[in-house]
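Novice: Could you slot chains G, Y, V and C onto chain P? The hints should help.
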Amino acid sequence: MSRLEELKTRIKEALPGLECVIGWQKGYDPLHNTPLFMRTDADVDKLEWGPLNVHNPAVYLPTFTGKKVGVVVKGCDSRSVVELLQENLINRDNVVIFGMPCTGVIDLSKVKARLAGAGVSAGTVTAVTDDGKTVSVTAGGQTTAMPLAEVRADKCGRCQFPNAVLADAYVGDPIAPAAPAAAADADLAALDAMSVPERMAFWRYHMERCIRCYACRNACPMCVCRDHCIAQSREPHWLTQDDTATEKLMFQVVHALHLAGRCTECGECQRACPMDIPVLALKKHLNRTIRDLFDYQAGVDPQAIPPLLQFKLEEDNIKERSW
Amino acid sequence: MQTINLTRDYDGDFVHRVEEESGQNVSLCYQCGNCTAGCPYTFAYDIPVSQIMRLVQAGQKKTVLSSKSIWLCATCESCTTRCPNQIDVACVMDVLRHMARREGLAAVPQVKTFWDSFLDSVKAHGRVFELGLTVNYVMRTGRFWTDLDLGPKIFPKGKLSLKPHEIAGKEHVARIFERFERESNS
Amino acid sequence: MSEAIAYYPGCSGLGTSKEYDASTRAVCRTLGLDLVDIPDWSCCGSTPAHTKDHVLSAALSARNLQLVSGMGIASAATPCPSCLTNLRTANHRMEAPAMAEKVNKLLDAPYAGGVEAISVLQALVEKVGLDEIKAAVRTPLTGLKVACYYGCIMNRPPELMAFDDCENPMAMDNVLSAMGATVVPFPLKVECCGASYGIPRQDIVARLTGKLLDVAKSVGADMVAVACPLCQMNLDLRQGQVNRALGTNFRIPVPYFTQLMGVALNVADEELGFGQLCIDPRPVLNKALSGADAQAKGA
Amino acid sequence: MPVLTGKELRIVGFLCNWCSYGGADTAGVGRFGQPTDLRIIRVPCSGRIDPLFIAKTLINGADGVLVSGCHPRDCHYAEGNFYARRRLEVLKRFLPILGIDPGRFDYTWVSASEGQRWQKVVTVFTEQIHALGPAPRFDAVSADMLAKAAAGALGQGGNRVAA
Amino acid sequence: MRIGVFICHCGSNIEGTVDTATVAKASLDFPEVVYATDTMYACSEPGQDGIIQAIKDKNLTGVVVASCTPRMHEPTFRRAVERAGLNRYMFEMANIREHVSWIGKDREANTNKSVDLVRIAIEKLRRDAPLSPSKFSINKRVMVIGGGVAGIQAALDCADGGLQVVLVERESSIGGKMAKLDKTFPTVDCSSCILGPKMVDVAQHENITLHAYSEVDAIGGYVGNFQVQVKKKATYVDWTLCTGCGACMEKCPSKKNPDRFNEKIGPCTSINIPFPQAIPKKAVIDPTTCRQFVKGKCGVCAKVCPTGAIKYDMADEIVTEDVGAIVAATGYDLFDISKVTEYGGGRYPDVITGLQYERLLSASGPTGGHIKRPSDGKEPKNVVFIQCVGSRDKSLDRPYCSGFCCMYTAKQAILTKDHIPDSQSYVFYMDIRSPGKMYDEFTRRAMEEYGARYIRGRVAMVYPKDGKMIVRGADTLAGTQVEVEADLVVLAAGAEAAVGAPKLAEKLRISYDKYGFFMESHPKLKPVETNTAGVYLAGSCQGPKDIPQSVGQGSAAAAKVLALFSKDMLESDPQISRVDIKRCVGCGKCIITCPFKAIKEVEFRGQKKAEVIETVCQGCGLCTSTCPQGAIQLSHFTDNQILAEVNALCQS
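Residue numbers (my numbering), protein chains in the order written: chain P, 1 to 323; chain G, 1 to 186; chain Y, 1 to 299; chain V, 1 to 163; chain C, 1 to 652.
Think of the hints as simulated: they come from the structure by calculation, not from any bench.
Every residue gets a Cβ at the ideal spot worked out from N, C-alpha and C, and that includes glycine.
There may be inaccurate statements among the hints.
Unchecked claim - Below 30 Å or equal to it, Euclidean Cα-Cα: the simulated DSSO-like pairs (lysine-lysine) are:
1) C:LYS507 to C:LYS597
2) C:LYS372 to Y:LYS217
3) C:LYS514 to P:LYS319
4) Y:LYS217 to C:LYS597
5) C:LYS198 to C:LYS231
6) C:LYS465 to C:LYS339
7) P:LYS319 to Y:LYS102
8) P:LYS312 to C:LYS507
9) C:LYS468 to Y:LYS211
10) G:LYS112 to Y:LYS18
11) C:LYS281 to C:LYS183
12) C:LYS339 to P:LYS312
To be verified - Chain C regions said to be covered by chain Y (calculated; three or more residues, Cβ under 8 Å):
13) 289-300
14) 456-466
For reference, chain P alone in the conformation it holds in the complex (with noise of 0.2 Å):
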């Protein structure tokens, strides 16, 4: 029995207690897999396992509070469940974390650079195969193989947990974590190398092309206000709905500095951002500040106090200006 099989036994085997179980199917086209709800037996035969489950599904959990739902994870997505557990959003008990070693998800827009570099357009995929190794993209009658090394997102290039930090049905042997990352993101990089002005510059043109959608933050397993985020709200009134770079860009400010302490780096909000904005730099790099300030990683351990919920009376790592 495969291992995606023995997963779908054990996902039936759960069902008749859940009120469903949350997972990938096949999308609209043979490129795009899309979010799966699975209630019944048929519903888990649709379930799908590879590298084209790019969504993170841990999004879903907190719209089912008060019932008891199953969740399918890849690595990085169970560190998104930690979180909410650790955040009180989704109660332990009506939870079930399905998990499978994970060897990368592709980045959709380096799939789609290879196609129109190979003369190809998207819209006429008519099959996607992968070995674990290759993702080999049939379109326009021909068949291109793309190293998965290569056209995977960025983040499964370092990714540390391949296996679901936490799961209460794991199938298959957990596998070893990519080598460490040598140095910062490519995109931390490109803005730690721009003078501060030129941050200034870099985020002004993005934010003229921000079309103020909010896909990121829909998309972010960790945006739980919902309905009260406050850039839609007046009372408080935080943002004017004028449509300014200025408030696009404090926007994004609100969204990171959010999810300072709380961000698992999943990088749903970038993917989901139909201007490829790379707005996940800015939690990166906020990211990096949690990690200097206060050693600590997002999503690792459901018992930990977020940083910034919490103090020392002497930090260890504040060093405070004296006047």
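Specialist: Relative to chain P, chains G, Y, V and C alone:
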């Protein structure tokens, strides 16, 4: 005893210089006297160290720099160690000597001469030549009786070398002195 | 057993304190502490330099620290507290970049920091350790009553010296206790002996050293162990001057603690240089040891 | 009425009521002269200061923001300033990645009795902001820089400031 | 909204460097402002009347006063607008005196800055809402923590006022430091003679419950309704049976233990009653020295006890006390003299603390009131007193003055002469601090009548020589070094915060300073209040105090408790946080961070929500800056109010 006119005789520049060169805030001193209490040299001083501190606070440059005390301090650090206000008193005394030298003052000339002889010896040989230093000191002060009694005790022990321990890099050491003199004069 | 330590004997080690230098080398060798000579070291500047100028003083010391740095060794030990203070002060003052720049201007080769200066006593206690020292004892100094006199600047000021208690240091007490000696509590462990005023102001030394000898005698010490060449000279060589000035008749041997360690560690007598002290401690030492011996046999 | 052009810059202070606001009062009672640029917003506790207030103030064009609370352990509310310290330090390190000079924001602790310390803090901080000059405005980035951003040509030159 | 703006001249205090008329005129341009004027003294009676009249004449619904700091007159003006019929929270102040006119001389800049400050006050006012306090009931019992003289006084005054009092004492007897003193200054009357009756009153008062040998373990609740868990430590003696007869102490074979009551200069038995006047007079076994515990066999006390009170298997017990107010009176401890190595305290037996000297002076002490030095039991002739040991010393991190040492040293010098007429006392001091009634006269008597020789200067070192303690100090007035050959050296060890004080402060949720002394609410005007409602301070836990000051504070704290309990219901400050239940997602971040445990989780239509306990919330607003969705807002300092201030400043 003279009357000090606190407005006219206060040399603020002097106070400032002492603080700057020593890195100490002399207004921290609240005159508890602990430095004087512990100082082994108080009996030999003309002005006890706590009063030196007081006079520095009061900007009495001339009195301080012409005192004998500043030349009799051996930097034994008892004042610095015990000051409740953590003032490095020994460093202040050091700085006062530096300033006195610049003013051409040395109220205990034989101490200054001894130190100068010592440094001359280091400058010449790279290390101190103990016998040469003593002879040099005696020649400069004319105090021919200095430690004559010790000669018979120490020479037979074979410890006092009759010639200096010249080091290979003695010019390096000499250059330190030369550069120092150049820097101080510039 | 331990990493090599650069060894800075200080000028007096070549002259008035030859026996301190020799016994230090012999004791360290016996205990496996590897002292490496610093090639062509020069004078630290001692008191005369810092009374003249702090930059000059730091430069004279820094030249030697720089030499150690060139040897690829991170710490230097010196038997002389005056050298120690100067070396440590230079390090401390040169932490300020402005000072470092001024000092380096005077040097042929700039010193970039990174060499720690410690006393031979500290090296013995921290790099060898009391347990090992104790284990190496061959002839315990049983019956010898000794007062430990550290001198004024071995541990002061505490922020700079960063070793042992500044008012009641115990390192030498512990070492000589480990040698089997009876260390008598000596309350003036850190009182100044008169330092280098022996030449320009003999009267000062007579008074201060006299007090030390008086208290040492009153606490019943057979001898006063010292760790400083200047202290040794004042207490031993000038003991006669003290007696004349104060009308006393002290005759207290004043050996270096390393010499006493040498006896306990069975270092050859020639290497300990007792003969170079004015008051030879050996008669008192032998009497104490044989007394204890007799007692042991009697018991 | 705007800030006095050429004379003042726009500096906003967030002060806790119990310590620092009192410290500023003490400085006033002592007639400790200070630059006039700072405008103080009173809040009950430094823990009340959401870092977003500061980000918003800076993004919307203030030239500097100064936060001051009770000294650690002296918080009127026991713990508010401990949380504030963490959040404000995170913010301080975050600002440069947005293109805001970190020197435009500082936080400190001044007690109600420390009038002189307050005078010093205000003076030093105001001088610091004047040394930095008027803040570059997000809505006034030069066309030249925007073109470089569009071309992905930023970060090629020198003048780098570590984030 | 109809806003009125009043710009105060404060005589020339403001008008001198601010053009108030221009500020008033500029205010009229701001939104919703219908009236603006300058006024000579806004806080004066005519000034307040002017505001009230304007509210009525112009139908104002909100008022801004630009004048001094709100820390000064906000309550004054709130009462004024309330008299005119407005809600007191429909009022804001702009501080144009302390923050403007007094710190800058540039009239143009000051005027301009004042306009800005008025503007942000207006923007905040526009978002103010009327607030009113709510009422809740109170439990009229009070707990006093600490049974020293301050705690005893507070307990007796409360009990005499008809309140039920729970007194908790860490040691096995109340009495505190005062019980250890021989005589008291400046009257030289016997300490136990004046304290003893008060201690007996505590024991006999029908309104006082005493938990001795007990400590506060945990505290929950809020003003009017605290729940305190008290740990009654195991005494291994059933106190309901113990009669305090002392038979056990006579027979106990372990007799050489350092006696803590005697400051360790005398021995005591393992089963012990600390002193004859102890309240309660009950025995306690120290299991660290008792042979039954250490060696597993002995049992002598159990055999001799006539009432069978010995219980070797006793365990700690927790009792919960419900009270409405708490008085902390936990006192002080002494600076550890062994930290001053140069004086040899702890190394030389004849260098002792002032409190140890009290025990040597006391007739109930280990020497029966005869001064005998610890080393050889000889009567000292030359006694040296050194003041400021662990006080006024930055190098020891004790920069403060301990306040009472000058006086007790003078007293001890006098008593030394009384005990040993041919003795000579020497007192090394830096300054004599004696500002109480009859205090300075007392120190003069020590010198003038008792011949104590006062030497102004610190002591550098103390060392033994030939049976004497050589004290080397300075006489800074003579400008010399001095030495005294002393027989005994008494160090006036400074006062420091009691061991464990910061821990108790955290349980009480009150602040403490860097030395561990508890913080009062206001250094001048609220000396016994704390920032936690219902918690009061008495005595040296707040800072070093002598007996009259401690007793005064005990009574003051009692008065505060009686005033608090004089009402049947309490009003809560309405400037507290409120939860918008629609926005709350029940994540509990506010619950984790609230320093006062003032937020609890509740179920609302099957969903978790946060709820503020109005009486516990102190209004810090930490929750508001913690909540990502802005669901919990601090009234009067809402996000929108602060944002409006920010926007006003950034737009102008």
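Novice: Does each hint hold? Answer for all of them.
Specialist: Do the hints match the structure? See the list:
A threshold of 30 Å between alpha carbons decides the hint, and for C:LYS507 with C:LYS597 the separation of about 11 Å falls inside it, so the pair holds. At roughly 28 Å between alpha-carbon atoms, C:LYS372 and Y:LYS217 fall within 30 Å of each other, so this suggested pair holds. The suggested pairing of C:LYS514 with P:LYS319 holds, with an alpha-carbon distance near 19 Å, which does not exceed 30 Å. With a C-alpha separation of about 67 Å, the suggested pair Y:LYS217 and C:LYS597 falls outside the 30 Å cut-off, and the hint is violated.
Under the criterion of a C-alpha separation no larger than 30 Å, the hint pairing C:LYS198 with C:LYS231 is consistent with the structure, at around 25 Å. Only pairs whose Cα atoms come within 30 Å are accepted, and C:LYS465 paired with C:LYS339 is accepted, the gap being roughly 22 Å. This hinted pair checks out: P:LYS319 and Y:LYS102 have alpha carbons roughly 29 Å apart, not beyond 30 Å. At most 30 Å may separate the alpha-carbon atoms for a hinted pair to count; P:LYS312 and C:LYS507 meet this at roughly 17 Å.
Our distance criterion of 30 Å between C-alpha atoms is met by C:LYS468 and Y:LYS211, whose separation comes to about 15 Å. Annotation: proposed proximity of G:LYS112 to Y:LYS18 holds, straight-line Cα distance about 27 Å (limit 30 Å). Distance check on the hinted pair: C:LYS281 and C:LYS183 sit about 22 Å apart at the alpha-carbon level, within 30 Å; holds. A distance of roughly 28 Å separates the Cα atoms of C:LYS339 and P:LYS312; the hinted pair therefore holds under the 30 Å criterion.
With 0 residues having a Cβ less than 8 Å from any Cβ of chain Y, the segment 289-300 of chain C misses the three-residue criterion, and the hint is violated. Counting residues of the segment 456-466 of chain C whose CB lies closer than 8 Å to any CB of chain Y gives 5, so the stated coverage by that chain holds, three being the minimum.
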